[in-house]
Amino acid sequence: GAVVSQHPSRVICKSGTSVKIECRSLDFQATTMFWYRQFPKQSLMLMATSNEGSKATYEQGVEKDKFLINHASLTLSTLTVTSAHPEDSSFYICSASKGDSNTEAFFGQGTRLTVV
Amino acid sequence: GQSLEQPSEVTAVEGAIVQINCTYQTSGFYGLSWYQQHDGGAPTFLSYNALDGLEETGRFSSFLSRSDSYGYLLLQELQMKDSASYFCAVRGGGSQGNLIFGKGTKLSVKP
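Just so you know, the protein sequences line up as chains H and R, in that order. The numbers in this note's numbering rise by one with no breaks, and the one at position 14 of the first sequence is 14. The numbers in this note's numbering rise by one with no breaks, and the one at position 57 of the second sequence is 57.
Careful, some of the hints might be misleading.
In silico contact screen, one side only, chain R against chain H (beta carbon under 8 Å); selected entries [unchecked claim]:
| hint | residue |
| --- | --- |
| 1 | Ala-42 |
| 2 | Tyr-48 |
| 3 | Phe-87 |
| 4 | Leu-99 |
Just so you know, the hints here were simulated from the structure itself, not pulled from any lab data. Everything numeric in this text was worked out from a predicted model, so none of it was measured. Every residue, glycine too, gets a C-beta built ideally from N, C-alpha and C.
Work out the full structure: start from the sequences and follow the hints.
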């Protein structure tokens, strides 16, 4: 299988600050990565599709100015939660698929964000 | 759009067999996947069906009927460690697109 590394795994921040989450594909190149958010006891909801070298595509209802996505290389996508509020507290997970397979998505370990 | 339906909770005892059903509606179909997620962890891939029939991987099997837009995950010889949430998923936006997940089925395995 392939490895996707996400960092940090946990972060606590104060309201109004920004938090950056990194997602790296360690042993393959990912032209596309996906960012999901998961609230407790709920399913994973797609926030945005991160495309290397171009702007991210955001799902309806997701504020692009609040959740900044940068995919500057084929192995790294970052999600920055700007001006975080307590309601942004959630589990954020990235995933990537290898270009030669549509059968399996590889997920990062997830980031538990708590905004106080 | 795409949507998936699966039961919210299932309880079973160790050693038993449990089946988790999933029905889906999708505008383009690129296979049905199953993922396992333990509390606080990331989803891990279990199986994928592109064609009708049964796929077996150890204690886990997955079935697909495209004509019925239906699939299931079968877990045999249940163990306590199988207690987790199980999600069925389909691809959105093409074969390399994002995954659309069902709401998840929380499986509790009792001694």
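Please verify that hint: Ala-42 (chain R), Cβ, nearest Cβ of chain H, below 8 Å or not.
holds, 4 Å
Agreement of hint Leu-99 (chain R) with chain H interface, Cβ distance less than 8 Å
holds, 6 Å
Is the shortest C-beta separation between Phe-87 (chain R) and chain H less than 8 Å?
holds, 7 Å
Per the CB criterion, is Tyr-48 (chain R) less than 8 Å away from chain H?
Constraint on Tyr-48 (chain R) satisfied, holds at 4 Å.
The structure is consistent with each of the numbered hints, conforming to all of them.
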